[in-house]
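Asks: Listed below, chain by chain, are the residues.
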Amino acid sequence: MEVKKRYWKGLEELKETPSYLQNKDSEFPSETSIEQFLSNDQLSESSTGRRDFLKFLGFSVAAATLAACEAPITKAVPYVNKPENVTPGQATWYASSYYDGSSYASVLVKTREGRPIFIKGNKDFGFTNGSVNPQIIASVLSLYDGDRLNAPRVQGKTASVSEADKAITAALRKATSIAVLTPTVISPSMKKALGEFSAAFGAEESSRVSIVQYDAISYAAIAGANEKNFGKAFIPSYDFSKAKVVVGIAADFLSTWLMANEYAPQYAQLRNPDAEMSKHYQFESILSITGSNADVRVQLKPSEITSLLSNILTSLGGQSSVNSKISPALQKAATAVVGDLKKAIGGSLLVCGTNVLEDQLLTNAINEKLQNYGKSISLVSELNLFRSEDVKANQLFDSIINGKGPDVLINLGANPVYSHPKGAELKKGLKAMKVYVSTASYADESSAVATHHVPDHHLLEGWNDYMPKTSHYAIAQPTIRPLGNTYSALESILVWGGLKARPAKTAESTVAYDYIMENAMASNFVSSKEDFNATVHNSCKEIKSEATPLTFTAVSIEGKNIPTPSGLEVVFYQKTAIRDGSMSSNPWLQELPDPISKVTWDNYITMNPVEMDQQGYNTTYDQEHGLSMATITVDGKTVTLPVYPQPGQALGTVGIALGYGRGASGEAIGKGAYQTKEYGGYDLDSNGKKKGIGQNVFGLLPVVDGRRLFSAGAKMAKVEGLYSIAATQIHHTVMGRDSIVRETTRSIYPVGEGEARKNKNQYNPAHTLQRLNEHGHHEEAPVSEFDLWNAHPVENVGHRWGMTIDLSTCIGCGSCLVACQAENNVPVVGKDEVRRGREMHWLRIDRYYASDQESQVGKKKDEHSFNYTLAEKASVNPTVVHMPLMCHHCNHAPCETVCPVAATTHSNEGLNQMTYNRCIGTRYCANNCPYKVRRFNWFNYPSYKKFTEVNPAQDDLGRMVLNPDVTVRTRGVMEKCSFCVQRIQSVKLDAKKSAQPVKDGDLKTACSEVCPTNAIIVGDWNDEKSEIRKSSKSARSYQALEEVGVKPNIWYKVKVRNQG
Amino acid sequence: MKISSIQQVKIVNRLRLLVLFGFLMFIQMEVFSQGKALFEGRCNSCHQIDKNGTGPMLKGAKKRWADANEKDLIVEWVINNEALRASKKSKRAIEIYNEYNKSPMTVFSDLTPKQVNEILDYVDAEAAKGAAGSDKTKDKGGVNPVEESKEGESGSGYMWYVLAVLFVVIILSVGGVRRQLQVASSGNEELNKLTYWEEIKQLLWKYRKTTAVSVLVMVLSVVVYGFNMLYSINVMEGYQPSQPIAFPHDKHAGLNGIDCKYCHNSVAKSKSAGLPTVNVCMNCHKQINGKTEQQQAEISKIYAAAGWNPNIKPAGGYTGKTQPIIWNKVHVLPDHVYFNHSQHVAVGGIDCKQCHGDMTKQNQTARVTPVSEINKLHDEDDKIIQLTKPTLTMGWCIECHGKKKVEIGNGKNGYYDQIHSRLMKNKALYKEYLKGDQKITASELGGWECAKCHY
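First to last, the sequence lines map onto chains W and C. 781 is the number that this note's numbering gives to position 781 of the first sequence; each next residue is one higher, with no gaps. 448 is the number that this note's numbering gives to position 448 of the second sequence; each next residue is one higher, with no gaps.
Just so you know, the hints here were simulated from the structure itself, not pulled from any lab data. Glycine included, every Cβ here is placed at the ideal spot set by N, Cα and C. Check before you lean on any hint, since a few could be wrong.
Each computed DSBU-like pair below joins lysine-lysine, with the alpha-carbon atoms no more than 30 Å apart [stated by the list, open to error]:
1) 82/W / 59/C
2) 82/W / 261/C
3) 75/W / 59/C
Listing some non-contacts, in silico: residues in chain C with all C-beta distances to chain W over 12 Å [unchecked claim]:
4) 275
5) 295
6) 452
Some chain W residues near chain C, calculated using beta-carbon distances under 8 Å [said to hold, decoys possible]:
7) 81
8) 82
9) 90
10) 195
11) 915
12) 981
Model the full assembly from the supplied sequences, consistent with the hints where possible.
Replies: Printed below as a string of structure tokens:
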């Protein structure tokens, strides 16, 4: 059966609101006034007469002419002693490991003249297979955050480290109880150091030092269920590449759940339509990235999850005393799931994302029934991350709140004041503490009240070792000297425990390094110094472990003791970019459009538009018209947020993202963490305090059995007022063309080449035009045979750089977007500019909602009967397609022909070149671009005061992240994706220097390099054996808007959904 | 007469030396003994006159050998110390060798005994001068006064203006005579009433088409000329900022023959040629601390940067206090221009001279060498491409890209071989590339495309 779908890009298009109709034909949503454009408010404040104006004009022309005759003085400062590995102008790469408490990856760090400027995954070493996530890529910007503490503090005042050490050790010696609060420790050295630290103070009394691990996001139920089933609390390693049937239940395993960046490439291995595909079912309330990629997505309320799991378990023949009754719609889906699961015994995986013990016990029982243990779920390799000890942490916090807390609390970077439901009370408790030591990098919510603060290094500044999994040992090496007077937390613990002395030259301290190496040798992680150095070079190594596989013991699963809410349910989820909020001051992440909602710089209540209509909420919005506001009340606690129409949200539920509302008391957690005003400066509330971005909903999390749950029953009430929201959703219209996205199903595109090709016009029809043949008859010919202009000589001559993007494996994660921003110095513009449709991202990911309609994909056969209102009904649970879109480097580029100054031209390598210094800013090119991928520089982002708070290029430290090989564009010019031409040039130069042709695979653009699923392939199309050539010749390959005849150098590959 | 091969070598070497001397004399414009030149060219990097360095001081060397009763052997020692040591006929040779931690002296088999004696004589003469405290060397250390290049022959230009004025005067007087004659012959008084200017106006009106066309031509040519003038404006040519250290390129690259890449060592690896880091300077300047006061003052700046204290016993030492040297950049490109040295030097095989001029003769701090000076180098080296646009302007870059031949398909570089084999598939395009100059230039391979340098 062929799926008949009609794609629309936003509800505004669906409903054809007046403002949508008015704006859809214009590339840029609104005009800017001259004053704004000149970005100088003083201009309007002063009144200048015509004569004065002419005088000024004359003077300035003369002055400018004279000034241009003087060459500017530039300084050149060579090293005194050049480090061996540094060649000025050449990048140096370091293999390292990344762990920030919520993500782990083996990474490669690019440094230029000693400054880290780019992070990508390490494809050669480590189990993450080169996969990273937006936060890991963006972490390089956080390194240069000026609000990161650069010196120790004692009682809030800058102090020397010896002063702080003295006070801390004195306090520790006197203390009768010491608590160390830390995010999950995966460092074997840190574990050992903490052990020695405890021993140093608790020789007599073993309870004197307690160590508590606490993470903002808890997976305690998984560990808890495993403790019951296997006798050991652990989180296993999952392998999605071994799962032919994947069932996700409220688990966003491609984006935020556990080691999502490890799972995404595994999952993608079985998502190639040209080989055998896995079948993916997703049950969820919010529309997550994982759900948007599922073959079958089923909506459900959080309260239905336990029954659903029980139902699946009993259908598979398992035992459960939990109520298995579910709604008819769910029952239908569950039957299909069970049918598929039964066919894939030993080759499937069911994961559940709730933090409810019973759910996880049921999940374990199902996976045991499906014989997944030892296959897709490892019982040998444990994940050492996410081991938050919630019960212990709650006890510690209660004790601090009640003033009975430990004499000394050492906080190694946890932020419970922000992320714990009792945060506000905890803050009071912490304030009352006599000795509260913190090593956090910022004076954040929890650490601002610390009595002694000895800040830790940034991840890229210090030595660390990690054991993310059993038998995997990894090392993080510094890639830059510490920018401030910061001190490795490992060193600090050793110093405070009296185990090591703080060296006099703190910047050259080798305490942490020596300790890590000694520990690695003592623990037999490495055999020798040489082995250690090799491990540093590779960043990680597999080590032998004697762990024996655990065995499953069935336990009876009782009904849960959670009250089932009857009314509205609210789901607290993590957004791809912000996650638990620890990096919320990072402007790259704040401006990364949410892959589903496309909203930047905010959190909001997601609600199905069908229900919003019924309850009288605005379902349309644009830059002038905001969204309605509502309050959500959970257990007496209330937040007020805008309500965002999210198709696909389960009826009867709403969703709110965690990780927002940081810095509620105006803590210095980074410039980008606060709301700004329209013309710059912070938006202050009536008390003169800075306003955080969005609302913190950690306080709303219910706690059951000590575990924080991520859903709750709630009450919702409409509030007066509108809230303007900055979404990139509909700023670029689709112009009624349906040939952009192509999607088909497994039944139409089955495995096997010959058959698949036969019905190509069903899944990938060619565009044809009529022409007269030599006999004077009309005939259909492919669009590619029609040419208005002489073709550029790019085919088979020199290079022709091209790209294919597989819509089947693109999961829409957004990594490419952040990588592009980092590589190409793309400015951050802030919420107000995004709202006006002036975001600068060179690469965007279009997200298309689809709904079943009587119109064929790509062809409007029944255009007369087609209407948007009918399509609305299907939007309750639409399927979703993600489509990355950047400059297509058309060989017949429409932008090139309209440029009056030839600022955009074509290269003989097929690139559409944008020359900033030639551009005079007519914007004709953007107007003429069928893909709408050109961006205009409206402002001087690196200097105009409007962007002081959001643009990292405005302070000396933040500027250090800029890529020196790419121009920082100025106001008034066009810019767009250059295909990472700096990398192309560099790859060619390396080839020339080594006297070898360019090897296929040598060229990676920033986006293709970080793609976790390898959906983006780039290369030299003229190389007949190249991947890109093969990929572009695939039966699934098509070019977006091919009928326009612009002959782009980018091919897309039809998305295939594994459906009958 | 038959000459042996050894003699031949010696003759050739002598000739080479002669040429070198002639060359040095020519640029220095100063008469000096052969001994001085040899000392500076061969010995000075390790030996100093009155101080021990890498090798012993040369002052009194002759006497020391004589004292050891090996007066004649010093010549043998200088020419081939290895052979002398091996022959074991000299005790002193072994002594010196052991004294300097068995680091052997370079063998100078091309020097003749006469030359060695000249060097030793020069050294002793210098030492005596030094002792007398009358150091009157004309060598002023780092920087010599500028030798102004002669102004070009511009004298004949005014002749043209004189001729033009004369021409106009002649035309006007001929016209006046003609008019007088016309009035006289026709007797028409009306004609006489018209002023000279009115008559011209009348005439112009009569031939208005011709006037309009010629005015248009004139205006256009002024515009074109004006634009060409504007194109030739350059703010960089001759730019010579002041520098913290008066660094003479001619002493280093010229006199001592240090290869450019020794100091600018990333030139073949990176986009930036790289300024020498202070540790590179110290490789030599640990030993060489200047003869004149001025030299010593300049070199002491390097010591300050490196944290080197020459007074620490026995032979100087590092204090650990370093301080980078802040140079003023000479060749400054705007931020929107990407330039890669290694592309030009390692791949294109372009000599440094092509863009920087002959730095071996730059006796002042570095400057942007005007294109006219670079063009003159073509006489010595026909690989130098002669260009017309001012140095460091975009016109200059693309002019060279349009002239520089790229060797493709000669089997020497796999990259260009591949480009060549692909181009061969499109013969028509290949022929188009060859059109005009019969070569593939950088511009035809994309060297004129914007995104090769602007991104």
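Asks: Check the structure against each numbered hint from earlier and tell me which ones fail, lowest number first.
Replies: Hints 1, 3, 4, 6 and 10 contradicted; others consistent.
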